[in-house]
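2 protein chains.
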Amino acid sequence: MIKDQKIPDATIERVALYLRPLEDLIKLGVHVISSDRLAEMCKVNPAQVRKDLSYFGGFGVRGVGYNIHDLIFEIKKILASDREWKLGIAGLDDMGMALLQHKNFFKRGYKFVAAFDSDPKKIGQRLPIGLTIQPIRKIKPMAQDLGIEIGVITTSPLQAQVVADMFFDAGIKAILNFSPIHIRRPDCCLVQNVDFSVTLDQLAYRLSKEV
Amino acid sequence: MIKDQKIPDATIERVALYLRPLEDLIKLGVHVISSDRLAEMCKVNPAQVRKDLSYFGGFGVRGVGYNIHDLIFEIKKILASDREWKLGIAGLDDMGMALLQHKNFFKRGYKFVAAFDSDPKKIGQRLPIGLTIQPIRKIKPMAQDLGIEIGVITTSPLQAQVVADMFFDAGIKAILNFSPIHIRRPDCCLVQNVDFSVTLDQLAYRLSKEV
Chain A
1 MIKDQKIPDA TIERVALYLR PLEDLIKLGV HVISSDRLAE MCKVNPAQVR
51 KDLSYFGGFG VRGVGYNIHD LIFEIKKILA SDREWKLGIA GLDDMGMALL
101 QHKNFFKRGY KFVAAFDSDP KKIGQRLPIG LTIQPIRKIK PMAQDLGIEI
151 GVITTSPLQA QVVADMFFDA GIKAILNFSP IHIRRPDCCL VQNVDFSVTL
201 DQLAYRLSKE V
Chain B
1 MIKDQKIPDA TIERVALYLR PLEDLIKLGV HVISSDRLAE MCKVNPAQVR
51 KDLSYFGGFG VRGVGYNIHD LIFEIKKILA SDREWKLGIA GLDDMGMALL
101 QHKNFFKRGY KFVAAFDSDP KKIGQRLPIG LTIQPIRKIK PMAQDLGIEI
151 GVITTSPLQA QVVADMFFDA GIKAILNFSP IHIRRPDCCL VQNVDFSVTL
201 DQLAYRLSKE V
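Which chain is which? The protein sequence lines are A and B, in order. Following our numbering, the numbering of the first sequence begins with 1 at its first residue and continues without gaps. Following our numbering, the numbering of the second sequence begins with 1 at its first residue and continues without gaps.
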């Protein structure tokens, strides 16, 4: 029921956000939702929700709402999250360990298939999810053998670019970067930065307006 | 030089994103930037950058660019990140520990003044940043004594709502939630969720379109 493949990036970012509350509702036995309710749960304008969902075809019924099950199915198809993605992670300090144990990743189809670190004390250690920590220099051969598609960087800023270059060199086209540096990348490749301090800036702004 | 206080939320989210590369450039000795360059660094449309920055007054010079120093100053003023915010964190597993040591937080004016956990083995431990882990039940008195403004939740999903209610009860009006549950909140309060799997969904979407 997809009407058009040319969906704006901002819509994609928002529909990715809609997924979590929709999945929560299904678990609670709710099968239909109004755009107003979904908008409220996601802190988005209801007109915006209706516009975003219009890209995904016509399963909203006026005065009733959207069939949640259909909506999840279509959103996942669009987001390409209806399949498994293979992830490799480099940097196994607290942040790396937290990500490896993040239940939402696995549940949403993101599977860590390799973990790398440069610390000789960590290399060879067995992780709770069943992987053994490998040295950084094995990134290229292992990424190719295992078919890693997304590289996750949780190293120190000093190491982040070196690790990124190894991921790119192995043919990996997408990186999720938690290290607070700007990663240089080939034109063919994608880098998405995660910076909690940006999220805090947004929250602090809203707080300073409300109180 | 602020023209108007009614800045759209989406603009706020983007200008918070612009800050990091701008600060990196200052460190590298660069003092002027074009909207095209900034747009490229932040993966945003150049026209969008110009529109966003127009809310912050007229320090762009046609054919030259923006004065980075002025831009940072105005963005920080708008975001209210030109002052220190006091944070309390509950949940000191890997994610909590990673956040406590996140250098960008402190650099950007976000200071953890208290840390809470429910695990008797953790309570009383001294953290590298100088705080001692306190029991969850001390959230209310300590939040009030220390003037905590933002509560950060990195507990298990089972504990997240209980902790959130304690933060709200202590008069805290904003929560940054890393736990994968939907936090119920009083109308007066703000909750911002951080969900890396949403970020991965966005990256996987872009990857599936490019390759």
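Hints are computed from structural coordinates only; laboratory data are not their basis. Since this is a predicted model, take the numbers as computed values, not measurements. Just so you know, not all the hints are guaranteed correct.
Chain copies aren't distinguished; within one or between two, either way the pair holds.
[To be verified] Below are the EDC-like pairs computed for lysine to aspartate or glutamate, each with C-alpha atoms no more than 20 Å apart in a straight line: (1) Lys77 / Asp94; (2) Lys122 / Glu74; (3) Lys86 / Glu210; (4) Lys209 / Glu84; (5) Lys86 / Glu40.
These are the hints, each one checked on the structure:
1. Proximity of Lys77 to Asp94 under the C-alpha cut-off of 20 Å is found in neither arrangement, the shortest distances being 33 Å within a copy and 32 Å between copies.
2. In this assembly of identical chains, the alpha carbons of Lys122 and Glu74 never lie at most 20 Å apart, being 42 Å within a copy and 44 Å across copies at closest.
3. Taking identical chains as interchangeable, the C-alpha atoms of Lys86 and Glu210 lie at most 20 Å apart only when they sit on different chains, with a minimum of 17 Å there against 42 Å within one chain.
4. Taking the closest pair of Cα atoms, Lys209 and Glu84 come within 20 Å of each other only across two copies (16 Å); inside a single copy the shortest separation is 41 Å, beyond that limit.
5. Proximity of Lys86 and Glu40 under a CA criterion of 20 Å is satisfied in neither setting, with 33 Å inside one chain copy and 28 Å between copies.
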